[in-house]
Amino acid sequence: MKKINLVKGTVLMFLLLFSCEKESNQEVITEVITNPIALDILTKKDLIVKPYHWEKNELASKTTQVSFEKEYGTPKNSSLTVVDIAKTTTLIPLVDTNNNLKSWLVGYYNAEGEIVYRVQKIDTSKETAHNLNSNKLTVKVVGETRLKKRAKSIASANKGSWVCGDEYFYGCVELATNNGDSETTCKWFYKGEKCVYQEEQTEIDWLDDSTEDDWQNPFGGGPPSSCPPGYIKDNEGNCVASPCARIKQQNLNTNFNAKIEILKDSTGLRKETGYAQNKNGTFTKLTASTDGHSLKINVDNNPNIIGYIHTHLNDWETGKIVEGRPEEERPVKIFSPTDVIVFLKILKNISVSDTPLTDAYGTMVSSSGTYTIRYTGNTNTLYNIKTNYTKAEKIKLAKDFKRLAQKKSKEKLFLNYIKDSMGVSGVNLYKVQNNGKIIPKILGSNGKVYKGDCDE
Amino acid sequence: MKKIFFLLIVVFGFLNCKAQHIIPTEEVVNYLGEENGVMGDKNYVYLKDVNNVLGKFVGDWAGNYNGKNYLFRISKATRDDGEIKEDYLLMRYTITTSNGTVIENTLSLPDNKVHTEGGYLAKSGSYVFNYFGKDSDCGQNGSIFTRVLESSNGTKIKLYLEVEGEMWDCTTEVPQTMPTDWLEVTKQ
Numbered sequence: 002m003k004k005i006n007l008v009k010g011t012v013l014m015f016l017l018l019f020s021c022e023k024e025s026n027q028e029v030i031t032e033v034i035t036n037p038i039a040l041d042i043l044t045k046k047d048l049i050v051k052p053y054h055w056e057k058n059e060l061a062s063k064t065t066q067v068s069f070e071k072e073y074g075t076p077k078n079s080s081l082t083v084v085d086i087a088k089t090t091t092l093i094p095l096v097d098t099n100n101n102l103k104s105w106l107v108g109y110y111n112a113e114g115e116i117v118y119r120v121q122k123i124d125t126s127k128e129t130a131h132n133l134n135s136n137k138l139t140v141k142v143v144g145e146t147r148l149k150k151r152a153k154s155i156a157s158a159n160k161g162s163w164v165c166g167d168e169y170f171y172g173c174v175e176l177a178t179n180n181g182d183s184e185t186t187c188k189w190f191y192k193g194e195k196c197v198y199q200e201e202q203t204e205i206d207w208l209d210d211s212t213e214d215d216w217q218n219p220f221g222g223g224p225p226s227s228c229p230p231g232y233i234k235d236n237e238g239n240c241v242a243s244p245c246a247r248i249k250q251q252n253l254n255t256n257f258n259a260k261i262e263i264l265k266d267s268t269g270l271r272k273e274t275g276y277a278q279n280k281n282g283t284f285t286k287l288t289a290s291t292d293g294h295s296l297k298i299n300v301d302n303n304p305n306i307i308g309y310i311h312t313h314l315n316d317w318e319t320g321k322i323v324e325g326r327p328e329e330e331r332p333v334k335i336f337s338p339t340d341v342i343v344f345l346k347i348l349k350n351i352s353v354s355d356t357p358l359t360d361a362y363g364t365m366v367s368s369s370g371t372y373t374i375r376y377t378g379n380t381n382t383l384y385n386i387k388t389n390y391t392k393a394e395k396i397k398l399a400k401d402f403k404r405l406a407q408k409k410s411k412e413k414l415f416l417n418y419i420k421d422s423m424g425v426s427g428v429n430l431y432k433v434q435n436n437g438k439i440i441p442k443i444l445g446s447n448g449k450v451y452k453g454d455c456d457e
Numbered sequence: 015m016k017k018i019f020f021l022l023i024v025v026f027g028f029l030n031c032k033a034q035h036i037i038p039t040e041e042v043v044n045y046l047g048e049e050n051g052v053m054g055d056k057n058y059v060y061l062k063d064v065n066n067v068l069g070k071f072v073g074d075w076a077g078n079y080n081g082k083n084y085l086f087r088i089s090k091a092t093r094d095d096g097e098i099k100e101d102y103l104l105m106r107y108t109i110t111t112s113n114g115t116v117i118e119n120t121l122s123l124p125d126n127k128v129h130t131e132g133g134y135l136a137k138s139g140s141y142v143f144n145y146f147g148k149d150s151d152c153g154q155n156g157s158i159f160t161r162v163l164e165s166s167n168g169t170k171i172k173l174y175l176e177v178e179g180e181m182w183d184c185t186t187e188v189p190q191t192m193p194t195d196w197l198e199v200t201k202q
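Chains C and Y, in that order, are what the protein sequence lines are.
Residue numbers for the first sequence follow the numbering used here, beginning at 2 and rising by one.
Residue numbers for the second sequence follow the numbering used here, beginning at 15 and rising by one.
Since the hints were derived computationally from the structure, they do not count as laboratory data.
Note that the coordinates shown come from a computational prediction; the quantities given were computed from them, not determined experimentally.
Just so you know, even glycine gets a beta-carbon here, dropped at the ideal spot from N, CA and C.
Be aware that a few hints might be false.
[Stated by the list, open to error] Straight line, CA to CA, 30 Å or less: simulated BS3-like cross-link-like pairs of lysine-lysine:
| hint | chain 1 | residue 1 | chain 2 | residue 2 |
| --- | --- | --- | --- | --- |
| 1 | C | Lys-395 | C | Lys-349 |
| 2 | C | Lys-272 | Y | Lys-82 |
| 3 | C | Lys-297 | C | Lys-321 |
| 4 | C | Lys-321 | Y | Lys-170 |
| 5 | Y | Lys-90 | C | Lys-395 |
| 6 | C | Lys-397 | Y | Lys-137 |
| 7 | C | Lys-397 | C | Lys-432 |
| 8 | C | Lys-297 | C | Lys-249 |
| 9 | Y | Lys-137 | C | Lys-321 |
[To be verified] A short, non-exhaustive set of chain Y residues, derived as facing chain C with CB atoms under 8 Å:
| hint | residue |
| --- | --- |
| 10 | Val-52 |
| 11 | Ala-136 |
| 12 | Ser-138 |
| 13 | Phe-146 |
| 14 | Ser-150 |
| 15 | Arg-161 |
| 16 | Glu-176 |
| 17 | Val-177 |
| 18 | Glu-178 |
[As the list claims (entries may be wrong)] Ranges of calculated distance between the beta carbons of each label pair, as one might list FRET restraints:
| hint | chain 1 | residue 1 | chain 2 | residue 2 | range |
| --- | --- | --- | --- | --- | --- |
| 19 | Y | Asn-66 | C | Asp-301 | 45 to 51 Å |
| 20 | C | Lys-265 | Y | Ser-165 | 40 to 46 Å |
| 21 | C | Asp-456 | Y | Lys-62 | 41 to 47 Å |
| 22 | Y | Thr-185 | C | Arg-326 | 34 to 40 Å |
| 23 | C | Lys-452 | Y | Trp-196 | 43 to 49 Å |
| 24 | Y | Thr-200 | C | Glu-318 | 25 to 31 Å |
Whenever a hint applies, use it, and build me the whole structure from the sequences.
Here is the structure:
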């Protein structure tokens, strides 16, 4: 019953938010933040942070100040140190006693609108990690959330519908000046899209009887049973933008398309063409091997690279002729094990940053079609996937794959091979047709490949 | 009655056999670009050297390239992964300097560790070995095109490595040890 009330209450709050754009009116509440995940990793002696739930604040014309509670090592009443408050993410640096960066506490809004804190980079010297407060950059999250009309279905109280809208918060940044004073500027920040699953709307219950556990999930225990259109659940139960939606979005990007067109015109060359895409959207051209035709890409420890696009060449005559008959090279037109390793490394790199894993991609353009790989697993699954192979293992993986890929169905082999021989899960294959249609290639439990549908 | 009994035995005999679809080695190349490869709609195929087109490659072949001595030992083998049974060629080799210093010797490697193996028989008549050299992760990989010269009456082979150069965790390309242009070797 309580759960239902919570849902109703949440829905009402959402509706209020959606319909009104209230200006904040300025009673100050201070929320103490604790973070059980941080606790696990940072040891008991370090900071205790409690998730701040934006829902709690929505009705009130109140101001909420986010702050840490000092336990050990962190200055008492220090403000939340935020490095980047753009969009959906806050970053809290955790440093050792010498102010060396040891890890990041990342707070982001999940599909339910909760702020989730997670330690993204783990260091062995956990004992001394504490909140960095030396740069005097503080943020107060004030005011209520407001939602703008971008809803696919308006909050019309239809049973079982998802309502989505853009979400903003009003924030103030207080920056210390050289003379010891501080300057404050306030504005609305875009927080991202929020979707709420709306069950039936009858009477209204307030959240007064909520417990801390309920805060974790206003929809009542456990993750949501389904996600709105365009979203899928990751392994942790969070709704994340589906690869289909991401690929569609990517295909609408002019810069990306321009590069794809270049690649489509380049599959007939003697060397592969390709680019690495940086986090800021720019592309870096990759260079090819001196003697060979493969591209070189080094993503090691580079969280700025979020993806790559490259060609696999058409069949081509090598120019070497004996007894009047020319030799022809027949390249394999699907991702190689090395391509997959590069993709996995990109994922591992960005997993310690605020970039969502679903942003990472690898694309291959060839005469047999354009393919993209995307990841839908979670961080834990990712860390369990091996990427550091011995020389002998690399040779075996590459050799076996090439031999089989020459002779078998490439899509089927690829999906089975990365699963069985490389222990990869969560990496999905998509074929992008020239008309823009995206076809997920799904491996059935019988080892066969089925066509999915991104338009469903 | 006897006839029916005999027929039953024949029918059951067929059912018990693993259905085997044979593709002659020289025709495999026609399937390389196909969506389902050699498998088509079959569960099991045998890429069989029905016409002994691989036999002429088998043997020891020696030659010299850029001051290095090469000895290639090509042998024929069969493997079966449950989907594809295949007759194929293996290439082992030694590379030595002019004064006899061994640069590389793969003669004693077991079949599954050999750096150079088939591959397929190209339309040109060359056997195309997939090459993953000792430092394959640093770019020593590609295709070794190997052609028995008709003009030599089967006593000479020309071969060369078309470098692919794929790198795996390696930032510096290692120089190739295989000839990257035609090397003529003579049957020993």
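Which numbered hints are broken by the structure, listed smallest first?
-> The structure breaks none of the hints.
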